[in-house]
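Novice: Chains as they are written, first to last, in this note's numbering: chain A, 1 to 384; chain B, 1 to 272.
Please note that the accuracy of each hint is not assured.
[Stated by the list, open to error] Listed next, the stretches of chain B that the computed footprint assigns to chain A, with coverage defined by at least 3 CB atoms under 8 angstroms from CB atoms of chain A:
1. 158–170
2. 174–184
[To be verified] For each label pair, taking beta carbons as the anchor points, the in silico distance ranges come out as:
3. T252/B with G18/A: 52 to 62 angstroms
4. H131/B with P74/A: 26 to 36 angstroms
5. G42/A with A8/B: 24 to 34 angstroms
6. I222/A with A77/B: 33 to 43 angstroms
7. R185/A with T252/B: 23 to 33 angstroms
8. Q179/B with T57/A: 13 to 23 angstroms
9. D79/A with A77/B: 28 to 38 angstroms
[Stated by the list, open to error] Some chain A residues well away from chain B (every beta-carbon gap over 12 angstroms; in silico):
10. N5
11. V20
12. S24
13. R69
14. R77
15. H92
16. R106
17. G140
18. Q141
19. V152
20. D161
21. D181
22. D281
23. E287
24. D323
25. E348
I should point out that these hints are in silico values taken from the structure, not numbers from a laboratory. From a predicted model like this one, the values you see are computed outputs, not experimental measurements. Positions of the beta carbon are idealized from the N, C-alpha and C atoms, including for glycine.
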Amino acid sequence: MGKKNFLTLNQIDKSYDGEVILDSLSLTVDEGEFVTLLGPSGCGKTTTLRIIGGFETPDAGDVFFDGRRINDIPPARRDINTVFQKYALFPHLNVFDNIAFGLKLRGVSRAEQTERVKEMLRLVDLKGFENRSVNSLSGGQQQRVAIARTIVLHPRVLLLDEPLGALDLKLRQEMQIELKDLHSRLGITFIYVTHDQEEALTMSDKIVVMNQGRILQQGTPIDIYNEPANAFVADFIGESNIFTGIMKEDGKVDFFGSVYDCVDTGFTKNEAVDVVLRPEDLVLRKERAHSVQKPETLLPATVLTCLFKGIYYEMMLHIEGADNYQFMAKSTVPVFEGEHVFVDIEPENIHIMKKSGIETMTVQKHRFLHDPNATREDAPDEQS
Amino acid sequence: MNRVKLTAQPYIFWLILFTAIPMLIVFYYAFTNEMGTFTLSNFRDMTDYSIVFFNSFRLAIISTAVCLILGYPMAYAMARLEKRGRTIAMILIMLPMWMNFLLRTYAWLTILENNGLLNHFLGLLHLPPLHIINTPVAVGIGMIYNYLPFMILPIYNSLENLDVSLVEAAEDLGCNSHQVFSKVILPLSIPGTISGVVMVFVPAVSTFVISRILGGGSSILLGDLIEMQFLGGTYDANMGAALSLVMMVIITVFTLITDRIDSSEEESVLMS
């Protein structure tokens, strides 16, 4: 079984030209884990990866790898390899020599090179491509060569910087499965950077959600999705209805004038909180009866739009008496536009979070739509 | 399709008028005597000038080699500068080219002549004067000075366009800084280097202005020889045309060979 705390980042600071990129970031990775750093562009995820790879030096803080401090060890002498965003294959070398590049530097014999490269090509499903020019390969094939070129060296950690970003949707989904499969077959620790939440949810053992150089939450995909730590995480992982509510008492939250049962506790009485509702968790009832919540608390709403999205319908709901707010709901059953419904929600699907200082434009925009107390002035100034 | 043809017409006309027809005239003159009858004697008589061919090529090869030795490190250093530094370096390289070619070459005359700036400076240091002007060395200096930018710019271009992530990938896979250079940077800058070599060698082998101003007729080069056939006392347009033709063939062959090196170089890197 893998070692605990195989790779540790300890209070890493990094800034460029006075702009803080990483703010006292600490992270531990166990051996053999598939860890994904997830966040919007500019959140510091790529910088974190580059610090682990040795391409950037932290301004402060330490990087430990298998019990050893590696801050000052150059990339060439770390047992860590990187698959670069745009593959970075050597255009003057063919497929064989790209893959054998690291082996040659290590003085591996010609016969062993051939054998190991052949084995890699078989692994990434590119048998017989030895003498092809890398420029003649498709994006997906280049991707495979880039992966083969690193894992042929048997690294102990593989860093992947948005490796699927340049591929089209179908190929990306195929490669997600292949990468996941490769990870379980090789047993190498994977640290994966992406801004695609679906990719992160599909592939990871552990997701680390980052924003503005800090880690907001880390945990299994299921934990992150079901129990987002704050409004930002909730908004970033999947679509959410986010708005302000008042915690009446433990297990009772008030929003839009209705008091719903929920499962969260530990808030002070009448504390303002962020309420997060997943669109797929909204249950639309035609009648107040047979609801999970107390029938009299259900919010009455009108369906504004109902869009067919393939496996589900996406609806925008107007909450009666609250002109600025729209709920998004997803359902496999269509409801006609203009129809009146009641919003019912299972208590465990109401996610209550403490108001956090970390907010983004997107969350604030949502809040403008949903917050009963918001005024025009609160909306972020788009020009600034 | 027709539109493409239509837009291409002015260029085709241009090519016929200023490239194809003059070439045909050169061909005609090279293979005829002054009476206009067919002969190969122009080419046979050319052996008298073999020393000129030899000198021209020797000087052009040396100048090109010196330009390469000076130019590559300069281009490499430039490509590693910050954006601001690159712009300044680029302006410094281009600046002399905004001046007239003749003027620049005459400036070297005042530097290199026996009572010129260089010897004046040496005199101040109580060093013996150097006799450079009117020697092949002066011509070589003139060539290197004038053609160095043509070496630097294409090499700089290929180095500047080199993707930084290739360098990082090489480091990642185990290269130290020397290996990054020899295994990635150098092979990828070869196309730029080859065009630099061609762009320096071709004008160097055919120049006549530099050798006349700085060489003072001490060493006649191919360009001088051709010019003399048309403008000098020994007017012989047929010989001039034949010499031009031979030079053209040699330059074409040279360019083809360098092209070949360019592609086989990549392959040999594969094998190494």
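Novice: Hint numbers the structure violates, sorted upward?
Specialist: 4, 5, 6, 7, 14, 15, 16, 19, 20
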